[in-house]
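Colleague: Spelled out, the chains give:
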Amino acid sequence: MAGVATSNRQRSRIAPYLMILPALAYLAVFYAVPFVSLFRTSLSTMGGSIYLPTLTFAWDFGNYGQALSEYRDQILRSFGYAFAATVLCLLLAFPLAYVIAFKAGRYKNLLLGLVILPFFVTFLIRTIAWKTILADNGWVVSVLDTLHLLPPEGRLLSTSWAVIGGLTYNWIIFMILPLYVSLEKIDARLLEASKDLYATNRRMFGKVILPLAVPGVLAGSLLVFIPSVGDFINADYLGSTKTTMIGNVIQKQFLVIKDYPVAAALSFVLMALILAGVLLYTKALGTEDLV
Amino acid sequence: MTVEAVTTLAEPGRNVRGTFKLGDLALRILAGLVLLYLFIPIFVIVLFSFNKPAGKFNYTWQGFTLENWANPFKYPALTNALKMSLNVAAVSTSIALVLGTLVAVALVRQRFTGSKAVDTFLVLPLTSPEVVMGASLLTLFLSMGWATGYFTIVLAHVAFQISFIAMTVRARIRGFDWTLEDASLDLGAGPVRTFFKVTLPLIVPGIVAAAMLSFALSLDDFIITYFVSGSTVTYPLYVNAATKAAVPPQINVLATAILVVSLILLAVGTLYRRKRIDA
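Here the protein sequences come in this chain order: A and B. For the first sequence, the working numbering gives the first residue as 1, with consecutive numbering after it. For the second sequence, the working numbering gives the first residue as 292, with consecutive numbering after it.
Just so you know, the hints here were simulated from the structure itself, not pulled from any lab data. Don't take every hint at face value.
The list that follows gives simulated cross-link-like pairs (lysine-lysine, DSS-like), each with its CA atoms no further than 25 Å apart [as the list claims (entries may be wrong)]:
1) K535/B to K258/A
2) K195/A to K312/B
3) K374/B to K347/B
4) K103/A to K312/B
5) K365/B to K347/B
6) K185/A to K103/A
7) K103/A to K207/A
8) K535/B to K343/B
9) K283/A to K407/B
10) K185/A to K108/A
11) K535/B to K347/B
12) K252/A to K535/B
13) K535/B to K374/B
14) K207/A to K185/A
15) K343/B to K312/B
16) K185/A to K407/B
17) K535/B to K242/A
18) K312/B to K108/A
19) K195/A to K185/A
20) K185/A to K312/B
21) K312/B to K207/A
Here chain A stands alone, though its shape is the one from the complex (with noise of 0.2 Å):
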């Protein structure tokens, strides 16, 4: 007997590791790998013709200094308009999802599916949907004008407001599912012990909702402002060649002109700012929030 419990503790010492092992190993080499790949890109030098160019690996750093002063204006335009829409998210999830989590009783479920279900058509569609809505010759446009809200020859569409509007629009599910989460669980005791000892409504939601409602906060804000600071389809649809973000130019480096490493070593730069932010996060509240 007592055998056979040392050999199963044996095998369940082990067990984890073989359980994660390809998970990890795919991920070494289809998610690491290609960082170290990406980071050779950044320091090589493009030679040969524009129809077979070649990679020289040559510890180039000059190309981080071309990417920061070429796309310094890029760079600046993805984390203000990441950043006005992660306020933004913010601002249009908490209501709702503070009425979710404690307004809409049996509702609730109901609630949370309709919140979700807009997101089940694909991304690029919701975007082009939008440029019709905005659309110089749209309903929305000729309203905004018959009451003299827009300044003559104003329009919607094209500007940095649109691309910000879009980048809200694509990503506020991950900042109303997180707040969610995080009000959800608030124990109803301690809003009933706050009454006791006399809050007002106002100092029960800054003293006791807010504070319980910050991994959420933190957790949305960091899941909206990634994909937004790296995005180019609602710079690409809904802005114009003056709202042009980092993605935009990654893409077009990678796909079109296939100037490598300047383009590597921009994307490099976005991703270094962004893990160092991740890791910030991961450290002080853990990854559970984060899905």
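Got chain A; can you put chain B on it based on the hints?
Modeller: Below, chain B alone, put in the same frame as chain A:
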């Protein structure tokens, strides 16, 4: 006692109560407006599936027709792109499901050295911008001399799905009563038998949910796919190319159809869960 009951009961009266009720109403209206905002483009998409476009683009309303719905598969390129997406999603989800679930179960069930590092490593693909993942995969495939196409799309999708499935399944199965496994082992069932008879039935609902979301994620992916697709065309890639040449209303028809199917699955899932809770 529900939160609502608490807030209304504990109200100390005076004029605070009046302002609170007004605030409560305003909050509900605000939430309703946000929900409406989520649906505005959806209404447009459904509406324009009944449009009779004058030119090549389906951007302005011309007139009502049922013709698009009568011929949803009029454009073989669109249909093939959708089939390709379904194929990629099915294959990549199946692979990622096995790899991701194993990790999730290991993370929840076992305490082992390095589990925290594994946890952080798993979260990284979820928090990497897609454009960077796409670009880095492309540099890998280029340096290996691999031709991009169906195969590389599947490889890329599995890479972002594994983490997603592992984290989702982990979140769903945490807090289960795992002593049932010990009970099964104590009662003489072997580890394999225990896995299939006890562990698997416990974790299946979480796996199904993760698989569905992950399938949707693959179906919807544009950015990473765009980098590693070569000449293979998935549904989002077709839509993107179409906006540069001609946008048939069938795009809206198929999008609406996918939405309706999701709605049905959602309803069935909810009813099924309710039935299980009732039982």
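Colleague: Hint by hint, where does the structure go against what was stated? Just the numbers, ascending.
Modeller: 15
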